[in-house]
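Peer 1: First to last, the protein sequences are chains R and E. Each residue of the first sequence is one higher than the one before, counting from 1 in the working numbering. Each residue of the second sequence is one higher than the one before, counting from 312 in the working numbering.
Please keep in mind that the hints were generated in silico from the structure rather than gathered at the bench. Heads up, some of the hints might be wrong.
[Stated by the list, open to error] Counterexamples of contact, computed for chain R against chain E with all Cβ distances above 12 Å:
id, residue
1, L6
2, L71
3, P77
4, Q92
5, Q123
6, G126
7, V210
8, P219
9, T234
10, P235
11, G302
[To be verified] Here chain R is said to cover these stretches of chain E; the calculated rule only asks that three of the stretch's residues, wherever they fall, bring their Cβ under 8 Å from a Cβ of chain R:
id, region
12, 540 to 553
13, 557 to 568
14, 576 to 586
15, 597 to 604
Cβ coordinates follow ideal geometry from the N, Cα and C atoms, glycine included.
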Amino acid sequence: MGPYVLRRLLIAIPTLWAIITVCFFLMRLAPGGPFDAEAPVAPEVLANLRARYNLDEPLFTQYWHYLGGLLQGDFGPSFKYKDFSVTELIAQGLPVSAQNGLCAAILAVLFGIPLGIAAALKQNSGRDHAVMGVAMVGIVIPTFVTAHLLLLIFGVWLKDTAFHLPAGTWNGGALPNRILPVICLALPFVAVIARIMRGSMIEAMRTNYVRTARAKGLPFRKVVMHHALKTALTPVVTYLGPAIAFLLTGSMVIETVFQLPGIGRYFVQGALNRDYTLVMGVTIISAALIIFANLIVDVIYGVLDPRVRYE
Amino acid sequence: MSEATRPGLNLRSPHGEALTAVEGRSLWQDARRRLFANRAAVLSLIVIAVIAFVSIVGPELAPWTYDQIDWDHVEATPPSLETKHYFGTDTVGRDLLARTLFGGRVSLTVGLLATLVALVIGVTVGAVAGYLGGKVDQLLMRFVDLMYAVPLTFFVIILMVLFGRNFILMFLAIGCVEWLTMARIVRGQTLALKQKEFMEAARAAGGSSWSIILRHVMPNVLGVVVVYVTLTIPQVILLESFLSFLGLGVQEPMTSWGMLISEGAQEMEANPRTLIIPAAFLTIALFCFNFLGDGLRDALDPKDR
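Here chain R stands alone, though its shape is the one from the complex (with noise of 0.2 Å):
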């Protein structure tokens, strides 16, 4: 396994290179640029703007720049937020994303997988139908209608009651102002997990070793729990892998709805002021944690099926 990490991980590096390439040269050829000011800059100001942030050298020398700064762990500054580097505002910004996101991970994992196996262990019965008709009203609705419509119901309409919860800010993170932000992270994953563990759960019950378990006259509960639930599990931990990183990347919708801090809402705020610096940095940690996630994805594999060989 240890060649087979280490090989991924060697591929992993030009992917990211690739990336940042890309964004890099994307960000420079696009017309206008953060200095685009309403009323016009004197062209001084303008020189010595271009000065501080190195635009005014060869395009060349200003990747080689940006790429010696990253492997230091240097983003450059921020072009909007003038005080802060891009290092900093994510040193910022991702623990809040990863922490609300690690929370609607795992909210997801402890309803969505007991909803599947339930659902699937009565197929076709009204209990399945319930959890799959749910599961599709999470699949379905968009994160910012769900995201709105629990804020009007319970920041608008229940205010005066006892489940009223703070709408739209952030608070330093108090726990009423997480609780909505999570929940609408989780739901939709939530969703899927039950949708993936009812499909893989109802073939592994139908598999020969479980049939042979329950002839053996194993406990049902048993056979579910040691037998067939291992097998099941591959399909959900690949959907988990890429969700998990996009979950502790923050999402953009939900931070910007609540008001939250986290990166995602610095990466739209960044896109809507054009903070070319501030966008690559978000989309160069997203890209790293998501190549990130898949490669445990497939370490985890081989632990859950032991056919898999890495090559």
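Could you slot chain E onto chain R? The hints should help.
Peer 2: Coordinates of chain E only, in the frame set by chain R:
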């Protein structure tokens, strides 16, 4: 496909009486029968047709246009028959009915066009990679793998920011992002098809790779592709409304469902209607596309037969 309209064979028994051969049923006739037996799918098809129809015709027939300001009702007036604002107006006095229908037109158009782009790229890449195999296959599929590792939504956003918010760029960009899964599915199908005798016959008859891909591979992957297309359209609509919601989609006074939801969200305390109406349209459309896609999969998926 070619058997879709096969006439009853004209056979005769040894004694000369005409034998009425059993009319053959093609895959598509079977699929249609199964689809029409699925109530959720049929209902979804009808609802999609209705939404599409009112989105095309509605904005022309509505008493107000989508960008017309009714100066008598500039502050979000509630729905009423008297003012002819059947859904009321938004905060600047534009008719919400006309805007919702027009937004539907934009959202559905982007959904269809972007899916078309994804379809063309995905099917071409998938079929070529699967049919030619070898180095070409390796190269194309490694490229697809690489693209999977990239946070593509970020790229769509970057493109929208860099080159301005414009309608054509938007569906091109979304289409260029959504073709990956299509390519993988089509490649898998093509690999399986390649082993079939009729492909060997086509090759033996001297067909060129291109003509075989066009005449024999493409028609046979059509079933899977149709299913995947119905499932891609809602994804694209969702991505478009997500972009518009963040303020990166179409530009005022043009609108789309996502943008209406974002506008309505600003107003939800005073006028929840401005949020709920477009959200309901979007959600219903997404639901129906998903049910239709599931129905089509049940009808066309050869695995369940």
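Peer 1: Now tell me if each hint is right for this structure.
Peer 2: Each hint, compared with the structure:
| no. | hint | result |
| --- | --- | --- |
| 1 | L6 | 18 Å, holds |
| 2 | L71 | 20 Å, holds |
| 3 | P77 | 19 Å, holds |
| 4 | Q92 | 19 Å, holds |
| 5 | Q123 | 15 Å, holds |
| 6 | G126 | 17 Å, holds |
| 7 | V210 | 21 Å, holds |
| 8 | P219 | 32 Å, holds |
| 9 | T234 | 19 Å, holds |
| 10 | P235 | 16 Å, holds |
| 11 | G302 | 19 Å, holds |
| 12 | 540 to 553 | holds (count 4) |
| 13 | 557 to 568 | holds (count 3) |
| 14 | 576 to 586 | holds (count 5) |
| 15 | 597 to 604 | holds (count 3) |
In summary, the structure agrees with every hint in the numbered list given earlier.
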